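> Heads up, the sequence shown is in this note's numbering, so the first residue is 439 and it goes up one at a time.
There's no promise every hint is true.
To be verified - Label-pair ranges, simulated between beta-carbon atoms:
hint	residue 1	residue 2	range
1	A696	S516	40 to 46 Å
2	R666	D646	42 to 48 Å
3	E545	A696	42 to 48 Å
4	A650	G718	21 to 27 Å
5	E649	Q608	26 to 32 Å
6	S620	L690	28 to 34 Å
7	A650	A686	32 to 38 Å
8	L554	R720	42 to 48 Å
9	N543	D717	41 to 47 Å
10	G542	R611	43 to 49 Å
11	D498	S623	26 to 32 Å
12	T624	G718	20 to 26 Å
What the hints assert, rightly or not - The calculated lysine to aspartate or glutamate pairs, modelled on DMTMM-like cross-linking and capped at a C-alpha distance of 20 Å, are:
hint	residue 1	residue 2
13	K558	D671
14	K691	D717
15	K558	D669
16	K691	D660
17	K558	D587
18	K691	E706
19	K558	D572
If you're looking for bench data, these hints aren't it; they were derived computationally from the structure. All values reported here derive from a predicted model rather than from experimental measurement. Idealized CB from N, CA, C, for every residue including glycine.
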Amino acid sequence: MLDAGYWILDTGCWRDAGCKIQVVGNRVNRPTGETGYTGKPANRQTVRKHPLNNRMAKDDTIAFKRQAAYRAAGFVASGMVVGLGTGSTVRFVLEAIALRLRQGNLERVVGVPTSLRTEKQAQELGIPLTTLNDRPILDLTIDGADEVDDSLNLIKGGGGALLREKVVAQASRRNIFVVDDSKCSTRLGTQWALPVEVIPFAWQVETDFLEALGARVSLRVDQNQAPRRTDNDNLILDAAFGPIGDPAGLDLKLNARAAIMAHGLFLELATDLIVAGSDGIRHLT
(Lines of atoms letter the chains of each structure in order from A; the text may use other names.)
(Lines give C-alpha, C1' and ligand atoms only; values in the text may rest on other atoms or scores of the structure.)
Protein backbone atom coordinates (compact mmCIF):
# COMPACT_ATOMS: atom_id res chain seq x y z
CA MET A 439 0.00 0.00 0.00
CA LEU A 440 1.29 3.43 -0.90
CA ASP A 441 1.64 6.02 1.83
CA ALA A 442 0.08 9.50 1.62
CA GLY A 443 3.23 10.89 0.02
CA TYR A 444 2.75 9.01 -3.24
CA TRP A 445 0.45 9.23 -6.19
CA ILE A 446 0.20 7.18 -9.38
CA LEU A 447 0.50 8.36 -12.95
CA ASP A 448 -0.79 5.96 -15.61
CA THR A 449 0.51 6.38 -19.12
CA GLY A 450 -1.90 4.19 -21.04
CA CYS A 451 -4.95 1.98 -20.79
CA TRP A 452 -6.43 -1.13 -22.26
CA ARG A 453 -10.16 -1.49 -22.75
CA ASP A 454 -11.93 -3.72 -20.27
CA ALA A 455 -14.96 -3.52 -18.03
CA GLY A 456 -13.10 -1.64 -15.30
CA CYS A 457 -11.16 0.74 -17.49
CA LYS A 458 -11.42 4.39 -16.45
CA ILE A 459 -8.80 5.56 -19.00
CA GLN A 460 -6.45 7.58 -16.88
CA VAL A 461 -8.82 10.46 -16.43
CA VAL A 462 -9.19 12.34 -13.17
CA GLY A 463 -12.42 14.27 -13.63
CA ASN A 464 -11.70 14.55 -17.31
CA ARG A 465 -8.02 15.36 -16.90
CA VAL A 466 -5.61 13.23 -18.91
CA ASN A 467 -2.55 12.16 -16.98
CA ARG A 468 -0.08 11.19 -19.69
CA PRO A 469 -1.24 11.46 -23.33
CA THR A 470 1.16 10.20 -25.99
CA GLY A 471 1.38 10.84 -29.70
CA GLU A 472 -0.28 13.40 -31.94
CA THR A 473 -3.74 11.89 -32.33
CA GLY A 474 -4.23 9.59 -29.37
CA TYR A 475 -2.80 6.98 -27.03
CA THR A 476 -0.43 4.10 -27.60
CA GLY A 477 -3.11 1.60 -26.66
CA LYS A 478 -0.58 -0.33 -24.58
CA PRO A 479 -1.32 -1.55 -21.06
CA ALA A 480 -0.67 0.94 -18.30
CA ASN A 481 2.95 1.61 -17.45
CA ARG A 482 2.86 2.84 -13.87
CA GLN A 483 5.30 5.27 -12.37
CA THR A 484 5.48 6.12 -8.71
CA VAL A 485 6.12 9.79 -8.02
CA ARG A 486 6.95 11.05 -4.54
CA LYS A 487 4.88 14.06 -3.60
CA HIS A 488 4.83 15.47 -0.09
CA PRO A 489 1.30 16.06 1.31
CA LEU A 490 2.24 19.56 2.49
CA ASN A 491 3.44 20.48 -0.99
CA ASN A 492 0.17 19.15 -2.42
CA ARG A 493 -1.84 21.32 -0.05
CA MET A 494 0.25 24.41 -0.77
CA ALA A 495 -0.11 23.89 -4.53
CA LYS A 496 -3.88 23.51 -4.16
CA ASP A 497 -4.06 26.67 -2.05
CA ASP A 498 -2.07 28.55 -4.70
CA THR A 499 -4.41 27.35 -7.44
CA ILE A 500 -7.47 28.50 -5.49
CA ALA A 501 -5.85 31.89 -4.89
CA PHE A 502 -5.01 32.25 -8.60
CA LYS A 503 -8.60 31.37 -9.57
CA ARG A 504 -9.99 33.93 -7.16
CA GLN A 505 -7.65 36.67 -8.47
CA ALA A 506 -8.56 35.99 -12.09
CA ALA A 507 -12.27 35.73 -11.31
CA TYR A 508 -12.37 39.06 -9.49
CA ARG A 509 -10.51 40.70 -12.38
CA ALA A 510 -13.05 39.32 -14.84
CA ALA A 511 -15.99 40.46 -12.72
CA GLY A 512 -14.61 43.99 -13.00
CA PHE A 513 -15.74 44.04 -16.64
CA VAL A 514 -19.39 43.78 -15.63
CA ALA A 515 -21.11 47.18 -15.90
CA SER A 516 -24.49 48.44 -14.74
CA GLY A 517 -27.39 47.50 -16.99
CA MET A 518 -25.67 44.44 -18.47
CA VAL A 519 -27.13 41.03 -19.21
CA VAL A 520 -24.36 38.66 -18.14
CA GLY A 521 -23.90 34.99 -18.95
CA LEU A 522 -22.83 33.07 -15.86
CA GLY A 523 -20.68 30.02 -16.50
CA THR A 524 -20.32 26.91 -14.38
CA GLY A 525 -17.54 25.60 -12.16
CA SER A 526 -15.25 26.38 -9.27
CA THR A 527 -13.78 29.50 -10.88
CA VAL A 528 -17.21 30.90 -11.70
CA ARG A 529 -18.18 30.60 -8.05
CA PHE A 530 -15.61 33.33 -7.35
CA VAL A 531 -17.01 35.42 -10.22
CA LEU A 532 -20.47 35.20 -8.68
CA GLU A 533 -19.09 36.26 -5.30
CA ALA A 534 -17.41 39.29 -6.88
CA ILE A 535 -20.55 40.36 -8.78
CA ALA A 536 -22.71 39.91 -5.69
CA LEU A 537 -20.29 42.00 -3.62
CA ARG A 538 -20.39 44.87 -6.12
CA LEU A 539 -24.20 44.72 -6.17
CA ARG A 540 -24.37 44.89 -2.38
CA GLN A 541 -21.92 47.79 -2.30
CA GLY A 542 -23.98 49.71 -4.84
CA ASN A 543 -21.23 49.68 -7.47
CA LEU A 544 -23.51 47.78 -9.86
CA GLU A 545 -27.22 48.05 -10.60
CA ARG A 546 -29.73 46.65 -13.10
CA VAL A 547 -27.50 43.64 -13.78
CA VAL A 548 -29.19 40.33 -14.58
CA GLY A 549 -27.54 36.98 -15.13
CA VAL A 550 -28.26 34.04 -17.41
CA PRO A 551 -27.00 30.87 -15.68
CA THR A 552 -25.55 28.00 -17.70
CA SER A 553 -26.52 25.29 -15.22
CA LEU A 554 -28.89 24.52 -12.38
CA ARG A 555 -25.85 24.59 -10.09
CA THR A 556 -24.97 28.15 -11.10
CA GLU A 557 -28.61 29.19 -10.88
CA LYS A 558 -28.74 28.00 -7.27
CA GLN A 559 -25.44 29.69 -6.37
CA ALA A 560 -26.51 32.99 -7.94
CA GLN A 561 -29.85 32.94 -6.16
CA GLU A 562 -28.15 32.30 -2.82
CA LEU A 563 -25.89 35.31 -3.44
CA GLY A 564 -28.78 37.57 -4.44
CA ILE A 565 -27.89 38.01 -8.13
CA PRO A 566 -31.01 38.73 -10.23
CA LEU A 567 -31.55 36.15 -12.98
CA THR A 568 -33.34 35.92 -16.29
CA THR A 569 -33.54 33.37 -19.09
CA LEU A 570 -31.99 33.21 -22.51
CA ASN A 571 -35.45 33.18 -24.08
CA ASP A 572 -36.32 36.45 -22.34
CA ARG A 573 -32.93 38.08 -23.04
CA PRO A 574 -31.53 36.34 -26.15
CA ILE A 575 -28.60 38.74 -26.62
CA LEU A 576 -26.05 38.92 -23.82
CA ASP A 577 -23.57 41.74 -23.28
CA LEU A 578 -20.94 39.60 -21.62
CA THR A 579 -20.35 36.03 -20.49
CA ILE A 580 -17.77 34.99 -17.91
CA ASP A 581 -16.79 31.34 -17.61
CA GLY A 582 -13.91 29.07 -16.73
CA ALA A 583 -12.10 26.55 -18.93
CA ASP A 584 -10.35 23.23 -18.51
CA GLU A 585 -7.64 23.85 -21.09
CA VAL A 586 -6.70 26.71 -23.42
CA ASP A 587 -4.25 26.88 -26.32
CA ASP A 588 -2.17 29.69 -27.77
CA SER A 589 -5.03 30.75 -30.09
CA LEU A 590 -7.50 31.11 -27.19
CA ASN A 591 -9.37 27.99 -28.22
CA LEU A 592 -10.68 25.99 -25.29
CA ILE A 593 -11.72 22.65 -23.92
CA LYS A 594 -14.67 22.97 -21.56
CA GLY A 595 -17.15 20.65 -19.95
CA GLY A 596 -15.42 19.42 -16.83
CA GLY A 597 -18.41 20.65 -14.84
CA GLY A 598 -20.85 18.90 -17.16
CA ALA A 599 -22.59 22.04 -18.46
CA LEU A 600 -20.95 22.21 -21.90
CA LEU A 601 -24.15 22.37 -23.98
CA ARG A 602 -25.69 25.31 -22.14
CA GLU A 603 -22.29 26.97 -21.78
CA LYS A 604 -21.77 26.88 -25.53
CA VAL A 605 -25.29 28.12 -26.28
CA VAL A 606 -24.82 31.07 -23.93
CA ALA A 607 -21.35 31.84 -25.30
CA GLN A 608 -22.71 31.93 -28.85
CA ALA A 609 -25.41 34.38 -27.74
CA SER A 610 -22.91 36.71 -26.08
CA ARG A 611 -21.25 39.77 -27.60
CA ARG A 612 -18.16 39.21 -25.47
CA ASN A 613 -16.81 36.06 -23.80
CA ILE A 614 -14.26 36.30 -21.01
CA PHE A 615 -12.74 33.01 -19.90
CA VAL A 616 -10.89 32.76 -16.62
CA VAL A 617 -8.14 30.22 -15.83
CA ASP A 618 -5.08 29.68 -13.71
CA ASP A 619 -1.86 29.16 -15.62
CA SER A 620 -1.91 25.37 -15.18
CA LYS A 621 -4.70 25.25 -17.78
CA CYS A 622 -2.52 26.62 -20.61
CA SER A 623 -1.26 24.18 -23.26
CA THR A 624 0.35 24.46 -26.66
CA ARG A 625 -2.28 22.08 -28.03
CA LEU A 626 -5.72 21.19 -26.76
CA GLY A 627 -6.04 17.65 -25.46
CA THR A 628 -2.58 17.61 -23.93
CA GLN A 629 -3.95 17.75 -20.39
CA TRP A 630 -7.67 17.08 -20.70
CA ALA A 631 -10.01 14.61 -22.31
CA LEU A 632 -12.70 16.13 -24.52
CA PRO A 633 -16.21 16.00 -23.00
CA VAL A 634 -18.88 14.95 -25.49
CA GLU A 635 -22.56 15.21 -24.52
CA VAL A 636 -24.69 12.50 -26.15
CA ILE A 637 -28.28 11.31 -25.96
CA PRO A 638 -28.63 8.15 -23.84
CA PHE A 639 -30.29 6.33 -26.75
CA ALA A 640 -27.01 6.19 -28.70
CA TRP A 641 -24.16 6.55 -26.20
CA GLN A 642 -22.53 3.27 -27.25
CA VAL A 643 -22.77 4.19 -30.93
CA GLU A 644 -20.97 7.46 -30.26
CA THR A 645 -18.42 5.71 -28.06
CA ASP A 646 -17.54 3.48 -31.00
CA PHE A 647 -17.40 6.51 -33.30
CA LEU A 648 -15.01 8.39 -31.01
CA GLU A 649 -12.81 5.32 -30.62
CA ALA A 650 -12.64 5.01 -34.40
CA LEU A 651 -11.26 8.56 -34.43
CA GLY A 652 -8.46 7.46 -32.10
CA ALA A 653 -9.81 8.41 -28.68
CA ARG A 654 -9.93 6.45 -25.46
CA VAL A 655 -13.48 6.89 -24.24
CA SER A 656 -15.03 6.75 -20.79
CA LEU A 657 -18.67 7.17 -19.82
CA ARG A 658 -18.71 9.77 -17.07
CA VAL A 659 -20.14 8.45 -13.81
CA ASP A 660 -21.14 10.01 -10.50
CA GLN A 661 -19.83 9.17 -7.03
CA ASN A 662 -22.10 6.10 -6.95
CA GLN A 663 -20.65 4.88 -10.27
CA ALA A 664 -23.97 5.52 -12.01
CA PRO A 665 -23.93 7.32 -15.39
CA ARG A 666 -23.89 11.03 -14.72
CA ARG A 667 -26.81 12.94 -16.23
CA THR A 668 -26.51 16.50 -17.44
CA ASP A 669 -29.10 19.21 -16.78
CA ASN A 670 -30.47 18.24 -20.21
CA ASP A 671 -30.78 14.58 -19.11
CA ASN A 672 -28.00 13.51 -21.46
CA LEU A 673 -24.80 11.55 -20.84
CA ILE A 674 -21.17 12.64 -21.13
CA LEU A 675 -18.39 10.71 -22.82
CA ASP A 676 -14.85 11.81 -21.98
CA ALA A 677 -12.75 11.25 -25.10
CA ALA A 678 -8.99 11.31 -24.54
CA PHE A 679 -7.36 12.05 -27.89
CA GLY A 680 -4.04 13.33 -26.63
CA PRO A 681 -2.78 16.53 -28.32
CA ILE A 682 -5.32 17.41 -31.02
CA GLY A 683 -3.57 18.37 -34.24
CA ASP A 684 -6.66 19.71 -36.04
CA PRO A 685 -9.29 21.01 -33.60
CA ALA A 686 -11.37 22.58 -36.40
CA GLY A 687 -11.49 19.31 -38.32
CA LEU A 688 -12.52 17.38 -35.22
CA ASP A 689 -15.15 20.03 -34.48
CA LEU A 690 -16.72 19.46 -37.90
CA LYS A 691 -16.78 15.68 -37.49
CA LEU A 692 -18.42 15.85 -34.09
CA ASN A 693 -20.97 18.46 -35.17
CA ALA A 694 -22.10 16.15 -37.98
CA ARG A 695 -23.21 13.40 -35.56
CA ALA A 696 -26.94 13.41 -34.79
CA ALA A 697 -26.57 11.87 -31.32
CA ILE A 698 -23.89 14.34 -30.19
CA MET A 699 -25.67 17.28 -28.60
CA ALA A 700 -22.48 19.22 -27.81
CA HIS A 701 -18.77 18.79 -27.33
CA GLY A 702 -16.18 20.66 -25.32
CA LEU A 703 -14.23 22.28 -28.16
CA PHE A 704 -14.91 26.02 -27.90
CA LEU A 705 -13.24 27.39 -31.02
CA GLU A 706 -13.10 31.11 -31.86
CA LEU A 707 -15.54 31.96 -29.08
CA ALA A 708 -13.19 33.58 -26.57
CA THR A 709 -12.76 37.33 -26.94
CA ASP A 710 -10.73 37.63 -23.73
CA LEU A 711 -8.68 35.29 -21.57
CA ILE A 712 -7.63 36.16 -18.03
CA VAL A 713 -4.81 34.00 -16.70
CA ALA A 714 -3.62 34.12 -13.11
CA GLY A 715 -0.38 32.59 -11.88
CA SER A 716 2.66 33.15 -9.72
CA ASP A 717 3.80 35.95 -12.06
CA GLY A 718 0.53 37.86 -11.70
CA ILE A 719 -2.51 38.28 -13.93
CA ARG A 720 -2.40 38.40 -17.72
CA HIS A 721 -5.24 39.66 -19.91
CA LEU A 722 -5.08 38.21 -23.43
CA THR A 723 -7.30 39.16 -26.36
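> Confirm or reject each hint.
Results for each hint:
{"no.": "1", "hint": "A696 / S516: 40 to 46 Å", "in the structure": "holds (43 Å)"}
{"no.": "2", "hint": "R666 / D646: 42 to 48 Å", "in the structure": "violated (20 Å)"}
{"no.": "3", "hint": "E545 / A696: 42 to 48 Å", "in the structure": "holds (45 Å)"}
{"no.": "4", "hint": "A650 / G718: 21 to 27 Å", "in the structure": "violated (44 Å)"}
{"no.": "5", "hint": "E649 / Q608: 26 to 32 Å", "in the structure": "holds (29 Å)"}
{"no.": "6", "hint": "S620 / L690: 28 to 34 Å", "in the structure": "holds (29 Å)"}
{"no.": "7", "hint": "A650 / A686: 32 to 38 Å", "in the structure": "violated (19 Å)"}
{"no.": "8", "hint": "L554 / R720: 42 to 48 Å", "in the structure": "violated (32 Å)"}
{"no.": "9", "hint": "N543 / D717: 41 to 47 Å", "in the structure": "violated (28 Å)"}
{"no.": "10", "hint": "G542 / R611: 43 to 49 Å", "in the structure": "violated (25 Å)"}
{"no.": "11", "hint": "D498 / S623: 26 to 32 Å", "in the structure": "violated (19 Å)"}
{"no.": "12", "hint": "T624 / G718: 20 to 26 Å", "in the structure": "holds (21 Å)"}
{"no.": "13", "hint": "K558 / D671", "in the structure": "holds (18 Å)"}
{"no.": "14", "hint": "K691 / D717", "in the structure": "violated (38 Å)"}
{"no.": "15", "hint": "K558 / D669", "in the structure": "holds (13 Å)"}
{"no.": "16", "hint": "K691 / D660", "in the structure": "violated (28 Å)"}
{"no.": "17", "hint": "K558 / D587", "in the structure": "violated (31 Å)"}
{"no.": "18", "hint": "K691 / E706", "in the structure": "holds (17 Å)"}
{"no.": "19", "hint": "K558 / D572", "in the structure": "holds (19 Å)"}
Violated hints for the displayed structure, listed by number in ascending order: 2, 4, 7, 8, 9, 10, 11, 14, 16, 17.
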